[in-house]
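The chain contents come next:
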Amino acid sequence: MEQRYVGLTGNEAVATAFKQARPHVASAFPITPQTEMMHKYAEFVANGEVDTEMILVESEHSAMSAAVGAAAAGARTMTATSSAGFALMWEVVYIAASLRLPIGMAMVNRALSGNINIHCDHSDAMGGRDSGWIQFYCENAQEAYDHGLMCWRIGEHPDVRLPVMVNYDGFIISHTAESLHILDDDDAWRFVGPKRQDVGYTLLDVENPVTVGPLDLTDYYFEHKVAEMAAHERAPRVIDAVYREYGELTGRVYAPVERYRLDDAELVIVVLGSTAGTAKEVVDAYREQGVKVGLLKIRLFRPFPAEAVAAALAGRKAVGVMDRSASFGGLGGPVFTEVRSALYRRPDAPPVHDWIYGLGGRDCDTTQIASLIDQLRDVAAGKELDTVNLLGVRL
Amino acid sequence: MAVNLQTLSKRENLLAGGHRACAGCTGANILKQVMLTAGPDTVVGNATGCMEVVTTIFPYTAWKVPFIHTAFENAAATISGAETAFRALKKRGELPVAREKIHFIAFGGDGGTYDIGLQSLSGAMERGHNMLYVCYDNEAYMNTGIQRSGATPLGAHTSTTPVGSVHKGKEQHRKDLTSIMVAHNIPYVAQTTPFHWRDLQQKVEKALSVDGPAFLNILMPCTVGWGFDPAIGMELAKVAVETNFWPLFEVENGRYRLTYKPKEPRTPIAEWLKPQRRFQHVFRPGNEHILEELQQKVDDDFARLLRLCEATAD
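Protein chains in written order, with our numbering: chain A, 792 to 1186; chain B, -10 to 303.
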């Protein structure tokens, strides 16, 4: 299929993908670095490229509330946020998933306050990891664009019916112009298709009224949560199918995890988001020196692809997980705890160490990742190392 | 359209019986009355609160129309989303059932409206959605156990403003939310009570016929929170109006109009306070100043309302 090769920032790329999915309703409130995504989208609407109804609310809490109301009324509904905006949404973020509403959200990752900081880390999205949303983390504008199209097919699938969060790193991806391939509007629409009105429920069917969000006490709430868990258990099959179809269409073949120079790797870096790009450079440099190092990028964090992660890491000599958020008082960051837990009781489980890095947008350069690999080599050679370590910080 | 009991009695009651409201609750009656006029082509949202809790315990529902509850502070935003979805789907010819118009009504108590939901309400009104917001104002957080709210009158005993040896109930006057809504310059704002059923029906009808947002503030005497005999809730709604504590008026495109003139001379506020346990202490020696201040506030507010009616008349 013919595609256009264009230069876009991450925000422009996701705005383009969302536009091509023709949402009925967009509900959002401005916050850096998400702002330009909604600017671009508003331009599309202003120029008649898409007929989305915009709800330009007075807070992110209302952005997510209006999104829930719109989605419950059968609308394909998009929103976008970052950092504190996501934190303000938080109560309703859970409700969106509980009501099984396939809202699409561009999550432009930024550090949480305080102190206030506008730059990238994953503390915002990781706060929502247990909220019931599907979470993708993108390495670059291309991945962000592609997931901005695929998220609708995944979230709206009858077996899933869950909201989807497309994460991409603030400024690093959102504000950096990159070359990427995009589909023509018609091809994109053929892939995404209209939202099916016969899936789930809609408030607008006044002839078949439904009560949404009732008081749900000790006798039923638990079962409803289990139904939500079951949707997450079914989601991977749908994600695989959508990835396959999209791969056949575009030539870009995705999987919940990406294996980079991993087959014979003894040392493995586990990372998500834009840092994977930097880390691949360093892996290449070490490979040239004969060091058997590889990289595992986690693209799908919820539902967590535990089997694929464990299969990729078992039998290695040392694994280093990179966490771009801190879990204060916890044993390592959220990526680390998932990864190590996935390996638990496997006889060939490698030593796994965590590196907290890049908080508040602290640049993560190649020397930091090189030092991580050097430390992994020491671990492989039997040297003791703290479970949780820091990267790129002044001590 | 003239509203009378005969025509009302022929309309479908869209709030089924068997819900779990308290005996003597005037709130369920407000919902029922609003829905009699709104009719079946209506989508309802409800803030967390008594009315949401008593009408929707899973797997039961009292609602015969589509209904959504999400949280405490966001009924207006939630319904604004549903209303926008209606316009968006209609534009593309994708409505599940063909309708030229659907009413969108958000209900919230005073806690969910005056206080925690005020921002969400203000935003939705400013954005101009075709929706009606109905506040059922029972003057405290009744659902969580009768804590003071921005709507609680001066002197009222609540769980968080108890009457003790030092403090004598709430120490501030109530917020004038109706005026705040008028200041949004929306097409229609009004106050009413469930006792004045004809007034209420006419106001709901007007509110649903305007192009844009409308707001109704409906006084809801609460037998548990106010502490009165469950049989006299409607009577207390009536007396609230006769004392000028809760005047019946509407503001249509900025024009104030009294929809009911209380009998002269006006009934003293004490007549409204006496049957309510939450105000018993204001009649005890040493607390006379609270009663006086309440009376003064009622008189001042009503005088101001009359001036506004006069100033904005044709």
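Keep in mind that a hint or two might mislead.
[Unchecked claim] Once the Cα atoms are required to be at most 25 Å apart in a straight line, the calculated DMTMM-like pairs of lysine to aspartate or glutamate come out as:
(1) LYS21/B <-> ASP976/A
(2) LYS21/B <-> ASP200/B
(3) LYS53/B <-> GLU834/A
(4) LYS53/B <-> GLU115/B
(5) LYS79/B <-> ASP842/A
(6) LYS80/B <-> ASP842/A
(7) LYS79/B <-> ASP976/A
(8) LYS79/B <-> ASP1055/A
(9) LYS80/B <-> ASP1007/A
(10) LYS(-1)/B <-> ASP989/A
(11) LYS(-1)/B <-> GLU834/A
(12) LYS164/B <-> ASP1007/A
(13) LYS79/B <-> GLU998/A
(14) LYS831/A <-> GLU115/B
(15) LYS21/B <-> ASP978/A
(16) LYS80/B <-> GLU1036/A
(17) LYS79/B <-> ASP996/A
(18) LYS79/B <-> ASP1007/A
(19) LYS21/B <-> GLU998/A
(20) LYS53/B <-> ASP842/A
(21) LYS80/B <-> ASP1156/A
(22) LYS53/B <-> ASP977/A
(23) LYS195/B <-> GLU83/B
(24) LYS79/B <-> GLU834/A
(25) LYS90/B <-> GLU998/A
(26) LYS90/B <-> ASP978/A
(27) LYS90/B <-> ASP989/A
(28) LYS90/B <-> ASP842/A
(29) LYS53/B <-> GLU849/A
(30) LYS80/B <-> GLU998/A
(31) LYS79/B <-> GLU840/A
(32) LYS164/B <-> GLU849/A
(33) LYS252/B <-> ASP1007/A
(34) LYS90/B <-> GLU834/A
(35) LYS80/B <-> GLU834/A
FYI, nobody ran anything at the bench for these hints, they're computed from the structure.
Quantities reported herein were computed from a predicted structural model and do not represent experimental measurements.
So, going through the hints one by one against the coordinates:
This hinted pair does not check out: LYS21/B and ASP976/A have alpha carbons roughly 48 Å apart, beyond 25 Å. Simply put, LYS21/B and ASP200/B have alpha-carbon atoms about 24 Å apart, close enough for the 25 Å limit, and the pair holds. For the suggested pair LYS53/B and GLU834/A, the alpha carbons sit about 41 Å apart, so the restraint of at most 25 Å is broken. With a C-alpha separation of about 30 Å, the suggested pairing of LYS53/B with GLU115/B is violated against the 25 Å cut-off.
Between the alpha carbons of LYS79/B and ASP842/A the distance comes to roughly 12 Å, so the proposed pair stays at or under 25 Å and holds. For a cut-off of 25 Å, the pair hint linking LYS80/B to ASP842/A stands: about 9 Å separates their Cα positions. Distance hint between LYS79/B and ASP976/A is fulfilled; the C-alpha atoms sit about 23 Å from each other, no more than 25 Å. For the hint pairing LYS79/B with ASP1055/A, the CA-to-CA distance comes to about 57 Å; that exceeds 25 Å, so the pair is violated.
Between LYS80/B and ASP1007/A the alpha-carbon distance is near 35 Å, which puts this suggested pair outside the 25 Å criterion. At roughly 34 Å between alpha-carbon atoms, LYS(-1)/B and ASP989/A are farther apart than 25 Å, so this suggested pair is violated. Straight-line distance between C-alpha atoms of LYS(-1)/B and GLU834/A comes to about 50 Å, which puts the hinted pair past the 25 Å bound. Taking the CA atoms of LYS164/B and ASP1007/A, the gap is near 33 Å; set against the 25 Å cutoff, the hint is violated.
Note on LYS79/B and GLU998/A: the hinted pairing holds, with a Cα-Cα distance of about 16 Å set against a maximum of 25 Å. A threshold of 25 Å between alpha carbons decides the hint, and for LYS831/A with GLU115/B the separation of about 24 Å falls inside it, so the pair holds. Between LYS21/B and ASP978/A the alpha-carbon distance is near 50 Å, which puts this suggested pair outside the 25 Å criterion. Our distance criterion of 25 Å between C-alpha atoms is broken by LYS80/B and GLU1036/A, whose separation comes to about 31 Å.
With a C-alpha separation of about 12 Å, the suggested pair LYS79/B and ASP996/A falls inside the 25 Å cut-off, and the hint holds. Taking the CA atoms of LYS79/B and ASP1007/A, the gap is about 32 Å. The hint is violated against a cut of 25 Å. For the hint pairing LYS21/B with GLU998/A, the CA-to-CA distance comes to about 19 Å; that is within 25 Å, so the pair holds. Between the alpha carbons of LYS53/B and ASP842/A the distance comes to roughly 32 Å, so the proposed pair goes past 25 Å and is violated.
Of the supplied pair hints, the one linking LYS80/B and ASP1156/A is violated, its CA atoms being roughly 50 Å apart against a limit of 25 Å. Between LYS53/B and ASP977/A the alpha-carbon distance is near 41 Å, which puts this suggested pair outside the 25 Å criterion. Among the hinted pairs, LYS195/B with GLU83/B is inconsistent with the structure: their alpha-carbon atoms are about 29 Å apart, more than 25 Å. In summary, the hint linking LYS79/B to GLU834/A is supported, as the alpha carbons are separated by about 23 Å, within the 25 Å threshold.
A threshold of 25 Å between alpha carbons decides the hint, and for LYS90/B with GLU998/A the separation of about 14 Å falls inside it, so the pair holds. For the hint linking LYS90/B to ASP978/A, the alpha-carbon distance of about 34 Å lies beyond 25 Å, and the restraint is violated. Between LYS90/B and ASP989/A the alpha-carbon distance is near 21 Å, which keeps this suggested pair within the 25 Å criterion. For the suggested pair LYS90/B and ASP842/A, the alpha carbons sit about 20 Å apart, so the restraint of at most 25 Å is met.
The suggested pairing of LYS53/B with GLU849/A is violated, with an alpha-carbon distance near 32 Å, which exceeds 25 Å. With a C-alpha separation of about 20 Å, the suggested pair LYS80/B and GLU998/A falls inside the 25 Å cut-off, and the hint holds. Taking the CA atoms of LYS79/B and GLU840/A, the gap is near 18 Å; set against the 25 Å cutoff, the hint holds. Between LYS164/B and GLU849/A, the direct Cα distance comes to roughly 22 Å. Compliance with the 25 Å bound is thereby established for this hinted pair.
Pair hint LYS252/B plus ASP1007/A does not hold up; C-alpha atoms about 47 Å apart against a cutoff of 25 Å. About 29 Å separates the Cα atoms of LYS90/B and GLU834/A, which puts this hinted pair outside 25 Å; it is violated. A distance of roughly 20 Å separates the Cα atoms of LYS80/B and GLU834/A; the hinted pair therefore holds under the 25 Å criterion.
Of the numbered hints stated above, those contradicted by the structure are hints 1, 3, 4, 8, 9, 10, 11, 12, 15, 16, 18, 20, 21, 22, 23, 26, 29, 33, 34, listed in ascending order.
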